[in-house]
Amino acid sequence: MDRIFQNIKIKASNSEQRIITAIANSGVLDRTGEIVSIAGITYDPKNLPALLWQHKHDQPLGRILSLSKTARGLEMTAQIAKYETDSELKQLSDSVWESVKQGVIKSCSIGFRPTDYEKDSTGAIVWTSSELLEVSLVSVPAERGANITGFKSNENRKTPSTKLPEKKHTVVKLDRGGVQLPPTRDIVADGLSHQEKLLAAQIAYADPAKRKTLLEPFINEFGEDKANKVRLMADSLRGDL
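Take 1 as the starting number for the sequence shown in the UniProt record's numbering and just add one per residue.
Warning: the hint list may mix true and false statements.
[As the list claims (entries may be wrong)] SDA-like cross-link-like pairs, simulated, lysine to any residue; straight-line CA separation at most 20 Å:
id, residue 1, residue 2
1, 56, 87
2, 56, 139
3, 212, 115
4, 210, 116
5, 56, 95
6, 210, 221
7, 226, 192
8, 46, 69
9, 82, 95
10, 119, 39
11, 46, 68
12, 229, 218
13, 69, 131
14, 119, 195
15, 210, 196
16, 82, 17
17, 46, 134
18, 226, 193
These aren't lab readings, by the way, just hints derived from the structure by calculation.
Using the sequences and the hints given, assemble the complete structure.
Pasting the structure below:
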């Protein structure tokens, strides 16, 4: 699963609803040199992804109320949970909510599974097709423009007027003739098919635990030697080479 970061904004109202609005992703270059195409992001509107803390699946913060693709990017409205019973999740959600109101936590990040990619004119990777898995509130963003844009609380706080930072994303495109890669990637990609390059991209941006699952069927069909080439390309896409 890959991750792209953005910032958050909070809006005022008269009730402690803990509702935030944010640009979850804006489709611009991120600090990792990648772009996520907003048009290519898929999700089920009837079963929206989870709202997490720092991409930790065991630390859910609340629920996403709505997602929409606009000229600004992937816009999100979400609600941070308010627990009545004392627990670790209550302490976490209360702490994060207070940090959001104080402007300490003001960024968010998407976790997604890439399914297709291309290179733009500058050589940046552009993910042209991806599945949205989750959105997280984060303390350190990778993408400059993923900000909280508003929140609702009973404190009647004024909406921050700070200009939203520039957002970052990554995209890589696979053409029939192959992908033009940087020198190291050119060498690694030599001899790999389009589908093998796509598999390498999926492995590169998957969680470590899922990489083995993605590669096992390929190993069974084509053998370990071919799989090693796919692993090398995945490493090069992650920047490990």
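Against the structure, the hints come out as follows:
| no. | hint | in the structure |
| --- | --- | --- |
| 1 | 56 <-> 87 | 17 Å, holds |
| 2 | 56 <-> 139 | 13 Å, holds |
| 3 | 212 <-> 115 | 17 Å, holds |
| 4 | 210 <-> 116 | 18 Å, holds |
| 5 | 56 <-> 95 | 16 Å, holds |
| 6 | 210 <-> 221 | 18 Å, holds |
| 7 | 226 <-> 192 | 9 Å, holds |
| 8 | 46 <-> 69 | 16 Å, holds |
| 9 | 82 <-> 95 | 11 Å, holds |
| 10 | 119 <-> 39 | 16 Å, holds |
| 11 | 46 <-> 68 | 13 Å, holds |
| 12 | 229 <-> 218 | 12 Å, holds |
| 13 | 69 <-> 131 | 14 Å, holds |
| 14 | 119 <-> 195 | 16 Å, holds |
| 15 | 210 <-> 196 | 17 Å, holds |
| 16 | 82 <-> 17 | 8 Å, holds |
| 17 | 46 <-> 134 | 14 Å, holds |
| 18 | 226 <-> 193 | 11 Å, holds |
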